[in-house]
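If you read the protein sequences in the order shown, they are chains A and Y. As numbered in the working numbering, the first sequence has no gaps in its residue numbers, which increase by one up to the final residue, 326. As numbered in the working numbering, the second sequence has no gaps in its residue numbers, which increase by one up to the final residue, 670.
Straight-line distance between alpha carbons at most 30 Å, and here's what the computed DSBU-like set of lysine-lysine pairs gives:
#1 Lys110/A x Lys400/Y
#2 Lys476/Y x Lys33/A
#3 Lys476/Y x Lys39/A
#4 Lys479/Y x Lys100/A
#5 Lys110/A x Lys378/Y
#6 Lys110/A x Lys479/Y
#7 Lys100/A x Lys646/Y
#8 Lys479/Y x Lys563/Y
#9 Lys100/A x Lys400/Y
Chain A stretches covered by chain Y per the calculated footprint, using a threshold of three residues with CB under 8 Å from any CB of chain Y:
#10 53-59
#11 66-78
#12 84-97
#13 104-116
#14 230-242
Among the chain A residues that face chain Y by a calculated CB cut under 7 Å, a handful are:
#15 Ala62
#16 Pro141
#17 Pro165
#18 Asp166
These are computed hints drawn from the structure, not numbers from a lab. Ideal placement from N, C-alpha and C gives every residue a C-beta, glycine not left out.
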Amino acid sequence: MAELSYRDAVIRGIAQEMTRDPDVVFLGEDVAKAGGVFKATVGLYEQFGPLRVRDTPISEQAILGAAMGAAMTGLKPIAEIMFSDFFAVCFDYIANEFPKSRYMSNGQTKCPLVVRTGNGAGSRFGAQHSQSVENWCMMIPGLKVVAPSSPRDVIGLLAASVRDPDPVIFLEHKSLYATKGEVPDGEIVDTLGTAKILRSGKDATICALALMVPRALAAAEKLKAEHGIDCEVVDVRSLVPLDTQTILGSVAKTHRLFTVEENPRLCGWGAEIVSIAADEGFYDLDGPPVRITTPHIPLPAADILEDIVLPTPDRITETVRRSLGS
Amino acid sequence: MATAKDRAQAKAGSGLNDDIGEQKRLALYRSQVRLREAEQRAYDLFLQNLVKGTSHLSLGQEAIAAGFAEAMQKGDLSFCTYRGHAHTLARGVPVEKVLGELMQRDNGLMRGKGGSMHLTSEEHGVMGSYAIIGAHLPIACGAAWRAQYKGDKDVSVCFFGDGTTNIGAFHEALNFAAVWKLPVIFVCENNLYMEYTPIADVTAVPHPAADRAGSYGLERIVIDGNDADECYRTAQKAFAKARAGEGPSLIECMTYRHSGHSRADPAKYRPEGELEKWKLRDPIKIYRERLKQFGVSDADIAAIDASVRKEVDEATEACKAAPNPPLDILTTDVYADGGWAWRN
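Okay, chain Y solo, but in the shape it has when bound (with noise of 0.2 Å):
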């Protein structure tokens, strides 16, 4: 096995960027994998019936979840859409935590409570999963508007699709965060379609989230959201600008879902060659490509990814083995007192 003083040696003089570092590009490979290995297994247990309800996965999105929450520190904060798995994992969240709640057993993150549309996990920032589009935009201007006041120096962080951008939240939210310069990153995961219908169909500029930025006085900016280390350069910039005081940023990362939009979409709607042409651009191929360039060997990579497979797999068999939520949660936390009385 190459040591990093080998690697170092190696990728010396090969004109190759290495702002990110080892460590972090390590750490951003291996969460696109982890991302990857349990969306793929969510999907594979739902067609043995073990996921219930929807979901939404992330396939081929990996790179801006695992990126944004790589240049994230303790402490910073994650709204995310139903489509929100990876960005839940991506902050450090068990796999079985996420599975067990999308397979609805007692051992799930909301103790089946949620579903799969609703991963929250307070602990690790995640502030919830919003099923109704553009909901978090403004309530992460507000968690953005309490590090202000109190003088915090968390960020908020909010991710949501291109089809967000179309509806008036993102509007008033992005006009409210940059009048308050609030601490806050909008991140659009632009994978080119709302649902069904091609995003370019149904929105009067090519770019549904950066063509607009102008309008709130925020600068335009469109990403690679395939490459993990753009990502996460991108979402550097960006929380320093925030943590300086200096307002908020919308980012523009053009993606692409090897999936359909839900469980229940077997996305025909997209022409021939579409998603082949896009697996090309693959995140997690071209991250493993650049790990070959910085002189990580196949055995390293080969290492990781079995790490990866090893805890989705136990994952998956403690969820299997997970008994369901009990009755007695159903009338739980409905007020602050734990409870559900309405009367007395």
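So that you can see chain A by itself, here it is in the shape it has in the complex (with noise of 0.2 Å):
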């Protein structure tokens, strides 16, 4: 058991998995001899190698188009993309591509790819460099989506999303880099499709995905010591395949549902969740679910604004407190 920075839990997932197979390859801008903006991919290449971990121009289209040749031909590409506001430039092999020529060719090809990227706001970078496009992928069919919040799930979800047979959208959120968590030693394999219980609580169900997660944590924290009301707390960590049976079964336990998302409000995966749960958990629920979202706007680039829009572990405990009548 060490402590390590989820920033060095992406170096050391993605080694983890080169290391064990020579058909996995890595390719991004600035990913090798740089070590990647965000200093994610240090020392990859000093390790690996140029054939296995290569920079690439800035070219987005030929960084998935290239990623998916090789998957479709029998190598397991890790591809980056640099900021995930960068997949609209891409978008055709994410909507397009990857997840439809298998079903299009009545399953004779195969995509075995993951495109890590960096997602999130919190970095002041304003409207272009900040967003949560969690959902942008989530709506697609024949993509998995992942969004891991601890060091731990990083190197425990790549590793699954690496060794997944089907394209995988790896998120990783830019605001929880420099965060530090508990790993274990030796390898770590995590399952893709399963929802954590961070928190176990009788009185309401938050829950919440990669940087929302801290600040869920830390309202649940606020909502006991300071309301008495005691929160589970849902690490969701995969839109696709969806936990619902975890969720549902939280739900069940507590009847109440609040979710917690950094993405702009319309549309966003708390949206589905919150279906679900009124199609097959509505009388569990004994109020109305409630989403506490970014406010449908472009995301501004000054410290102050910045902070207001997205959800803040206050304002998550002042819509629970509220919502719960105390």
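Each of the two chains sits in its own frame; use the hints to bring them together as a complex.
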């Protein structure tokens, strides 16, 4: 067991899989010699060499297209798109190519690849380098979508994503790179499609993802300490496949559901979870499910503005407290 | 019927260049006729309302598909566009499989799940037909990267139209392939029109592919895309270069489509006489004449034509008799486990 940063967990996760399987290759902008703009790939080039860890031009379509062609023909590429906002310039691969070729070819082709990307706000980068785009990916049949919140999950879920036979979008949160957590020694392999109950509670279920997970946990502690409200915090971890059983099971226990989403309001993943709860857990609910989201606006750059729009522990606390009427 | 020896004697001293050889020449002819016959049949079946959805025919462009496919080895990979019937057939995919997919029957190549624009036959090296312009150029780079990384000797060949040369993925892929020295061949079929608009009206250079080659350190290559021998010879050189680890090639093949862009297009935008002029240079007409120059008899040519017609006729009947796809394939193969589950 050792303390590791989320950033170093990315390095360890990639290294673990590249050591295990020579078919795992890694490409992206500034990822090799420079070690990545977030320093999340430092040392991989030195460890695995120029044939397996490759710098690309600023050509996001070429990066994802090449990853797909390599995956279709036998490699297991990890491709980095530096900022998830840049998905918009290579979205053809994410929306049209990766997820549809297997289906359209009636199962003839395969696409086992991972797209890693820096997602989310908190860096004061403004509207084109800060977005949470998980819902862009979640809406497309054929993709899997993963967003870890802790160093341990980074390694385990990255390993599971690399070993998965389907295309996986792996969303690393930029504001979590510097955070630290305990990580066991040795190989770590997790399971996609499994949510994790990080805090057990009886009064309300709070579902969160990535950066919103530590904020939900902080809110839960505050709610308990200041208001006696005992919240269960579910780290959703994987949007596709979605572990609805864990979420519905928690709602059946607590009878209240909150989602904490960093994405703008419309069509966020929380809406899907609330819809499932309404369909299948309606009689378990003692009150309306509540979504806590960023408002439906582009993200501002200034720290004082960005801090206001993202869900905070205080906003989560206040929303849950008011909804529960205490 | 003349023997091969007779024909060898007939052309001796004729001054004809016989680097291709009789066996390959007959294969090139058969392939072109087969593509023509199958595409013409697809059009006829469309008029009978038996081909559904859209379809983009390669009538008039057969020499390119035939020439490049005949230069390929087993294991080489083809990446096609939505105008991909010819390239798929040229790799040896049965006509029935292609027509079945166009007719959206259960005997189709993908059992109706892909349709005309997405023909894929991995066992024949046809790694897909891509309906988003330019998407497959980077994908072909990736397949070539795998070959380079693993030391495999196969080459990836990516076919596309002139319209593709103005989309970003074209330029990203060419630069990427050149910088990484990938074993990939980019084949531009310049049929003069991007959909309905003359390519010359919307492109800054006269040769939309070849005139960009220099930007990526590649040789400028423009060939007669209606001459299957020229396509074959050019392909052979590019394959040799790729297999020797000397990197990509970009080849612009001048050609002309005899039909409209898609089934919805009567191609009324073409100036009067243009089609007729190009039909004088019909690749099959050119090749038939060449076979005769090399001493192949009318009877031998007719025999090839008849055997191709028979394959297409039999395929047509098989497709007409084939059932629709069953509903239970609707939700198969969304994910690698064979199913479509996105939740537990």
